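Chemist: Here is what each chain is made of, one letter per residue.
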Amino acid sequence: MSHNVLIVDDSMIIRSMVAKTLKISGLDLGKMYYAANGQEGLDTLQAHHVDIVFADINMPMMDGIQMVRSMAESGLLQRIPVVIISTERNQQRIDQLKAMGVTAYLTKPFMPEDFKDTVEHLLAKEDKPL
Amino acid sequence: MTDKALILSRVLEKTFEDFAFMFIDAVPTHALNAPEAEAYIQAAITYVAGQEKGRLSVMASAEFCRCLSRNILGLETEDPLDPGIAESGLSELINVACGSLAEALYGTDAVVDLEPPVQTVCSEREWKQFISDQPTLVLLVDDYPVGFRLDVTTNME
Chain A
1 MSHNVLIVDD SMIIRSMVAK TLKISGLDLG KMYYAANGQE GLDTLQAHHV
51 DIVFADINMP MMDGIQMVRS MAESGLLQRI PVVIISTERN QQRIDQLKAM
101 GVTAYLTKPF MPEDFKDTVE HLLAKEDKPL
Chain B
1 MTDKALILSR VLEKTFEDFA FMFIDAVPTH ALNAPEAEAY IQAAITYVAG
51 QEKGRLSVMA SAEFCRCLSR NILGLETEDP LDPGIAESGL SELINVACGS
101 LAEALYGTDA VVDLEPPVQT VCSEREWKQF ISDQPTLVLL VDDYPVGFRL
151 DVTTNME
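Residue numbers (the working numbering), protein chains in the order written: chain A, 1 to 130; chain B, 1 to 157.
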């Protein structure tokens, strides 16, 4: 089954880097969507079917924490796994995001191997029978 | 070199290695008198950590920005590079460096609020002024001179 992916980051180079790493990670990719801030991310989620979200925290207009909070309130976070990729290192904020329902957290700069492990872990969870 | 400058230098060395597979050297004098570049780019990020407010900025030639972005993405020289992506490499570098710097200066228990990086195009005169300013740390990254500056103020000041 192919997976539609949404990458939310204000940095063009990070969007490109995540997309490139995804292509070599073994994930069966469907459509790839891009957003430059949390609001654009929410708009994309309203308009398209998305299976996995990769998002930054520190973005203009609407940051990643506000986007995740909005996804939790609308029930989207229960259905769509979110992986945060950020420079944020405050443990309290990371724990807060995980408590809200964020699936995984990667610190920039991430190693492609760590990224691949995270994606494989996500896929393994999906493959488990209910 | 102050404690903060030393920490910044170590953070930058590791950031370049981990993020872009690039390496830092001391700057020989002739590098600072290098021929004029076609353009210079400055990227800056501000943060607030308790009573302290910091601004970390970097300035380099547009050619260095293209080289940096190619390295971040693992592209060869002949591979096409979108101009928008080429320019965004410097902002992302300073974003990543600031995250590491915040951890090195304040630890992981402190709440540090980072603003999104801001990028501007600068003139040759601004470049020369930037690298000659006393607090600027000039490094040679894969043969390109790159200037970094950390300004920290406290609410008490």
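Just so you know, the hints here were simulated from the structure itself, not pulled from any lab data. Take these hints with a grain of salt, some might be off.
[Unchecked claim] Distance condition first, Cα-Cα at most 30 Å in a straight line; then the derived BS3-like pairs of lysine-lysine:
id: 1; chain 1: B; residue 1: K53; chain 2: B; residue 2: K128
id: 2; chain 1: B; residue 1: K128; chain 2: A; residue 2: K98
id: 3; chain 1: A; residue 1: K23; chain 2: A; residue 2: K98
id: 4; chain 1: A; residue 1: K98; chain 2: A; residue 2: K116
id: 5; chain 1: A; residue 1: K20; chain 2: A; residue 2: K31
id: 6; chain 1: A; residue 1: K116; chain 2: B; residue 2: K128
id: 7; chain 1: B; residue 1: K14; chain 2: A; residue 2: K98
id: 8; chain 1: A; residue 1: K23; chain 2: B; residue 2: K14
id: 9; chain 1: B; residue 1: K53; chain 2: B; residue 2: K14
id: 10; chain 1: B; residue 1: K4; chain 2: B; residue 2: K14
id: 11; chain 1: B; residue 1: K128; chain 2: B; residue 2: K14
id: 12; chain 1: B; residue 1: K4; chain 2: B; residue 2: K128
id: 13; chain 1: A; residue 1: K23; chain 2: A; residue 2: K116
id: 14; chain 1: A; residue 1: K20; chain 2: B; residue 2: K128
id: 15; chain 1: A; residue 1: K31; chain 2: A; residue 2: K98
[As the list claims (entries may be wrong)] Distance ranges between label pairs, derived from CB positions:
id: 16; chain 1: A; residue 1: K116; chain 2: B; residue 2: E76; range: 16 to 26 Å
id: 17; chain 1: B; residue 1: T120; chain 2: A; residue 2: S2; range: 23 to 33 Å
id: 18; chain 1: A; residue 1: M111; chain 2: B; residue 2: D79; range: 18 to 28 Å
id: 19; chain 1: B; residue 1: G50; chain 2: A; residue 2: Q96; range: 12 to 22 Å
id: 20; chain 1: A; residue 1: D28; chain 2: B; residue 2: N155; range: 17 to 27 Å
[Said to hold, decoys possible] Just so you have them, the derived chain B footprint on chain A, three or more residues with Cβ under 8 Å:
id: 21; region: 9-20
id: 22; region: 38-52
id: 23; region: 101-110
id: 24; region: 114-120
Here the structure is a predicted model, which is why all the values come from computation and not from measurement. Backbone N, C-alpha and C fix where the C-beta goes; we use that ideal spot for every residue, glycine too.
Chemist: Any of the earlier hints contradicted here, and which numbers?
Modeler: 2, 6, 14, 17, 20, 22 and 24
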